[in-house]
Amino acid sequence: MTTPDIERTRLANMLHDALEALERGDEDGWRQQVDALANARARSLVNGLGRLARELSQALDTLPPTPAEGNGLDDACARLDHVVEMTEQATHRTLDLIDDSRALVARLKEGPLDETQITTVESLRENLREMALAQSHQDLGGQIIRRVAGIVRGVHEGFGALGLPPKEDNQRGNGPSVSGLDRNTVGQSDADDLLSHLGL
Amino acid sequence: MNKNIRILIVDDFSTMRRIVKNLLSDLGFNNTVEAEDGHSALAVLRQDVVELVVTDWNMPGMTGIELLCAIRADPKFRALPVLMVTAEAKREQIIEAAQNGVNGYIIKPFTAQTLEEKLGKIFERLGSAA
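Heads up: the sequence lines are chains A and B, in that order.
Per the working numbering, residue 1 is the first one in the first sequence, and the count goes up by one each step.
Per the working numbering, residue 1 is the first one in the second sequence, and the count goes up by one each step.
Simulated from the structure, these hints should not be mistaken for laboratory data.
One should not assume that every hint holds.
[As the list claims (entries may be wrong)] Pairwise CB distance ranges (calculated):
1. A:G141 with B:V33: 19 to 29 angstroms
2. B:Q99 with A:D100: 40 to 50 angstroms
3. B:S25 with A:D190: 27 to 37 angstroms
4. B:S25 with A:S179: 27 to 37 angstroms
5. A:G187 with B:K76: 29 to 39 angstroms
6. B:L27 with A:D75: 25 to 35 angstroms
7. A:S57 with B:A43: 51 to 61 angstroms
Where is the CB? At the ideal position from N, CA and C, for every residue including glycine.
In isolation and in its complexed conformation, chain A is listed as follows (with noise of 0.2 angstroms):
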C-alpha cells in the first residue's frame, strides 16, 4: 500500500470508530475520535508548511547572494559617475588640443598663402569646428547615464521599486531620448515644424 492508501485507510476507521461511538451513545468516544481527525488533518497543514518553507529557502539560495559589505548598488552608481568624470575630463583635453589647433591654422592664415593652401586652411578650421560640436557626446552620454544612476538610487532607495521603467518628468528634462525606447519625441526639422504652428 502506498502512503496515502495508509492515510486513508486510516482517516476512514477513525470516522468508523466515531461513527460507532456516536451511535452507541459513547460521548467521550466519539469527541476523542473527532479530536484525533482534527489533529490529522492539523499534521497534514503543517506537513504542507514545512513543505513550502523549504522549497522557499531553496529557491532562495539560487538568487545571487547579498553582497556582504557594502553595497552592489551604490558601488555601480559611483562607477557610472567615474564615467561621466573621466569622459568629461577626456572631453576638456580634447577641446583643449582643438582651441590650440584654432590657434595655429589662425596663425597659418596669415602667411602669403596660394589659392591651394587657402582652400587647405579653410578645410582645417571647418574640421577643427565639427571636431568640437561631435564632443557633445559627453554631455549626451553624460545625461543618459546620470538618468541611469538616478533609476539604479531610486531602486535602491526603495521608491517606486520594481516600478521601471522610471515615470517622465518632462518638467525636470528627461535626457536625450533614446531611438526604440523614448516615445513622443521629434527631430529638429519636426520641432521646428511645431515651432512655426505655435507662431515662432
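Since chain A is already given, all that's left is putting chain B on it; use the hints.
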C-alpha cells in the same frame, strides 16, 4: 548685426558650455559669460547686461524651463531673447517652451548651421521689432 552683444551660456556640462562658446566665437560672437544652472544664470542676469540667453533644459538645481519662466516673469527681462539648446525633444516640452515665450529651440546634438540659422532668426525678429 551687432556681434559684440553679451551672450549668457547656461548648461550644467562644462564641456557643452565650451562647445557652444567655441561655436559662437566661430560666428564672431566673442562676448560670452557662463552659468551652470538657472539660479546662477539669474544671478548673472541681475548684475550684468546680457542681451541673449542660450540655455539647456535639464540641469540640477533650477532647470532651463524654470529659468525661462523666471525671465519672462520679470518686467526687466521680458524682452530678453532666450534660445533653448537641449536634448529634451518631446512635443509637449517644445510646446511648453513656446508657450512660455522661448525665442528658439535647438535639439542636441545640433549642427553649427542650425545654431547660426536660429541666431539669425532671433536677430532678424529683434531688428524688425526695434
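Consistency of beta-carbon spacing, D100 of chain A to Q99 of chain B, with hint 40 to 50 angstroms
Hint holds: Cβ distance 44 angstroms, inside 40 to 50 angstroms.
C-beta pair G141 of chain A, V33 of chain B: status relative to the range 19 to 29 angstroms that was hinted
At roughly 27 angstroms between Cβ atoms, V33 of chain B and G141 of chain A fall inside 19 to 29 angstroms, so the hint holds.
Range hint compliance [Cβ, G187 of chain A to K76 of chain B, 29 to 39 angstroms]
35 angstroms Cβ-Cβ, so the 29 to 39 angstroms window holds.
Could you say whether the range 25 to 35 angstroms given as a hint is met by the Cβ separation of L27 of chain B and D75 of chain A?
With a Cβ separation near 44 angstroms, L27 of chain B and D75 of chain A fall outside 25 to 35 angstroms, so the hint is violated.
With 27 to 37 angstroms as the target window, see if S25 of chain B and D190 of chain A comply at their CB atoms.
holds, 30 angstroms
At the C-beta level, are S57 of chain A and A43 of chain B separated by a distance inside 51 to 61 angstroms?
holds, 59 angstroms
Could you check the hint for me, namely that S25 of chain B and S179 of chain A are 27 to 37 angstroms apart, CB to CB?
Because 32 angstroms falls inside the window, the suggested range holds.
Hint check: a violation occurs at hint 6 only; the rest are consistent with the structure.
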